[in-house]
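Listed here are the chains, written in short residue letters.
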Amino acid sequence: MGPRDLWEEALAGMLARPVRSALTTLGTVLGIGTLVITLGIAATAGNQIVGRFDALTATSVIVETPEDRVGWNDVAGLARLNGVESATALAQSEKSSNQSVTANAVIDPTRVSGQTLAVVAAGPDLPRTVKGRILSGRFYDGGHSARRDRVVVLGADAAQMLGITDVRHAPAVFIAGRAYTVLGILGGFQRETSLATAVLIPPALGPEFGLRSVTRVLISTRLGAAELIARQAPLMLDPRGGAGELRVIAPPSPTRAKDGVQEDVNGLFLILGLVSLVVGAVGIANVTLVTVMERINEIGLRRALGAGRRHIAYQFLTESGFIGLIGGIVGACLGIGVVVAVSAVKTWTPVLDLRLALVSPLAGALVGLLAGLYPALRAARMEPVEALR
Amino acid sequence: MGEPVIALDEVHRSFGPVMALASVSMRVEAGDYMAIVGPSGSGKSTLLNILGLLDRPTSGSYLLDGVETASLKDGDRTRLRGRRIGFVFQSFHLLAHRTVAENVMLAEVYGRRSRSGRRERAVQALRRVGMTHRTDFSPATLSGGERQRVAIARALMGEPSLLLCDEPTGNLDSRNTGAVLELFDSLRAEGLTILVITHEDEVSSRAARRVRIADGALVEE
Numbered sequence: 001m002g003p004r005d006l007w008e009e010a011l012a013g014m015l016a017r018p019v020r021s022a023l024t025t026l027g028t029v030l031g032i033g034t035l036v037i038t039l040g041i042a043a044t045a046g047n048q049i050v051g052r053f054d055a056l057t058a059t060s061v062i063v064e065t066p067e068d069r070v071g072w073n074d075v076a077g078l079a080r081l082n083g084v085e086s087a088t089a090l091a092q093s094e095k096s097s098n099q100s101v102t103a104n105a106v107i108d109p110t111r112v113s114g115q116t117l118a119v120v121a122a123g124p125d126l127p128r129t130v131k132g133r134i135l136s137g138r139f140y141d142g143g144h145s146a147r148r149d150r151v152v153v154l155g156a157d158a159a160q161m162l163g164i165t166d167v168r169h170a171p172a173v174f175i176a177g178r179a180y181t182v183l184g185i186l187g188g189f190q191r192e193t194s195l196a197t198a199v200l201i202p203p204a205l206g207p208e209f210g211l212r213s214v215t216r217v218l219i220s221t222r223l224g225a226a227e228l229i230a231r232q233a234p235l236m237l238d239p240r241g242g243a244g245e246l247r248v249i250a251p252p253s254p255t256r257a258k259d260g261v262q263e264d265v266n267g268l269f270l271i272l273g274l275v276s277l278v279v280g281a282v283g284i285a286n287v288t289l290v291t292v293m294e295r296i297n298e299i300g301l302r303r304a305l306g307a308g309r310r311h312i313a314y315q316f317l318t319e320s321g322f323i324g325l326i327g328g329i330v331g332a333c334l335g336i337g338v339v340v341a342v343s344a345v346k347t348w349t350p351v352l353d354l355r356l357a358l359v360s361p362l363a364g365a366l367v368g369l370l371a372g373l374y375p376a377l378r379a380a381r382m383e384p385v386e387a388l389r
Numbered sequence: 001m002g003e004p005v006i007a008l009d010e011v012h013r014s015f016g017p018v019m020a021l022a023s024v025s026m027r028v029e030a031g032d033y034m035a036i037v038g039p040s041g042s043g044k045s046t047l048l049n050i051l052g053l054l055d056r057p058t059s060g061s062y063l064l065d066g067v068e069t070a071s072l073k074d075g076d077r078t079r080l081r082g083r084r085i086g087f088v089f090q091s092f093h094l095l096a097h098r099t100v101a102e103n104v105m106l107a108e109v110y111g112r113r114s115r116s117g118r119r120e121r122a123v124q125a126l127r128r129v130g131m132t133h134r135t136d137f138s139p140a141t142l143s144g145g146e147r148q149r150v151a152i153a154r155a156l157m158g159e160p161s162l163l164l165c166d167e168p169t170g171n172l173d174s175r176n177t178g179a180v181l182e183l184f185d186s187l188r189a190e191g192l193t194i195l196v197i198t199h200e201d202e203v204s205s206r207a208a209r210r211v212r213i214a215d216g217a218l219v220e221e
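Note that the protein sequences, when read in sequence, are chains A and B.
When the count follows the working numbering, it moves up by one through the first sequence with no breaks and lands on 389 for the last residue.
When the count follows the working numbering, it moves up by one through the second sequence with no breaks and lands on 221 for the last residue.
Hints were generated in silico from the structure; no laboratory data involved.
Mixed in with the good hints, there may be bad ones.
[Claimed, not checked] Here are the simulated lysine to aspartate or glutamate pairs, DMTMM-like style, with alpha carbons at most 25 Å apart: (1) 95(A) x 208(A); (2) 73(B) x 159(B); (3) 73(B) x 238(A); (4) 73(B) x 383(A); (5) 73(B) x 9(B); (6) 131(A) x 74(A).
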């Protein structure tokens, strides 16, 4: 019996009961489909999370410094490091975080006229480092700090709380009874979002609020440089001191984050996919077994016509393997379709391992072959006399 | 006279304590048309299965075309069966979802003959049984007699030494029975060896030789 004869006989066997063959295929379709969807969605979502993570967190390094360890000017050196886009020092204390701020000097006992806001001393590079946007006016510069100008920039939420929407007429705020001119309003923080409710002051005014030294340094790096900068920044900021005294908060490695996400999603749904596949295999095994029992006469006839046991086994294996293969192909197509559709709805970029599309049909065929093994052996073991009875 | 097609010598077949065939010896020469008759339970089917290499005798010797079959391995018996024996069954055993031609061609699927010319050979076999006008029909559309003629064409396809028929007219009315028996007559005239197992006198009376089987033993009439 040549391969072409085997194929034609198996194909005829499958087409003899097309609906049953299609329904049998469905088990593998669901199993392989679920696996492809699981792996595809995991890869896509993982990539999506990493994408967001890259844009925001993966380029952010924060160095927390103890009192009097790092000076305001030390931060300027950081900008010379290859990979640093901008760096800004901040000073904030518990005391400065609870300042009563009012928009005018009149104290009206009948209404709440002041707000408790945080006062934060920050270098002039802050808008760039936190990727913020000036909503009104401008940010202070080195000159303001050098001249000790009594100017502030309000975070967008702080400005709203104080009822200041426009700085064209140079409004003032009063902190601890002293007036400060509002230079601008800073909003759209992508990092350090808590600064939206803060009053930002030039470093030179820090001592007025007990902010003498830098407490934190924010560094915005280029993509992929965060790990390097996280190692170099403490040495740059404090070459003499033990680098261990500065606490560096760096993003986890993007690859690790991606793998983590994929492992979380995969672990859960892979089990689901495998269970579906096993159910599909059991379906194929059941139906093939029923088919073998129904085709006893045919098996007997084939044996009488000179078919050996292996010919009978090959035919049933070819049928179940092909049903599995078709299930694998359809399942992979459906799975890829779902991944693409979900990505389209979520406006994600679909990420699919090409190997998955190639391996899925083979996995389906393998499932079909394994599921068909027992029924095929049953058929092959049948004695022709009994099969023809 | 040449080698007999069938030479059974002291063949026994028992199923546990039940002796289905007891010391059966017979010879069938090439070109013989022989009928084995007997009531049900007489051992007809057991004899047919042994003759058709579908079963092995418990003891004794069976030569088919001079080949001792008792000692053959399963695979060799299967090949010998496929090459030398054409089966005709009472219930035709045609595959319902294949055409008449495909059913006939099935006889060559497991042999060593090349695929090329297979359809022509099938049509040739159908011509011998007068069924070429139904070549691409489904068996479901044929009458019982036509189905049996297609089954006979399938049996003839491999040019067998022996046509082994098990109650070939058991499912046919008298008109179709007559047609099949006429076909056997003409096949015999072509020189084919035919062995028919039947319980119908109408069938057995057409054969040149008649052997009665009763309680597992043969008596030539």
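Hint check: residue 73(B) vs residue 159(B), CA-CA at most 25 Å. Holds or violated? Given pair residue 73(B), residue 159(B) holds - Cα atoms ~23 Å apart, limit 25 Å.
Below or equal to 25 Å on CA atoms is what counts here, so check residue 95(A) against residue 208(A). The given pair, whose Cα atoms are some 11 Å apart, holds under the 25 Å limit.
Pairwise hint evaluation, residue 9(B) against residue 73(B), where the allowed Cα distance is 25 Å at most: 20 Å, holds
Hinted pair residue 73(B) and residue 383(A), Cα distance within 25 Å: 14 Å, holds
Restraint status (C-alpha distance of residue 73(B) to residue 238(A) at most 25 Å): 90 Å, violated
For a C-alpha distance cap of 25 Å, please report whether residue 131(A) and residue 74(A) respect it. Given that 25 Å is the threshold and the Cα spacing comes to 22 Å, the pair holds.
When the structure is compared with the earlier hints, a violation turns up for hint 3 alone.
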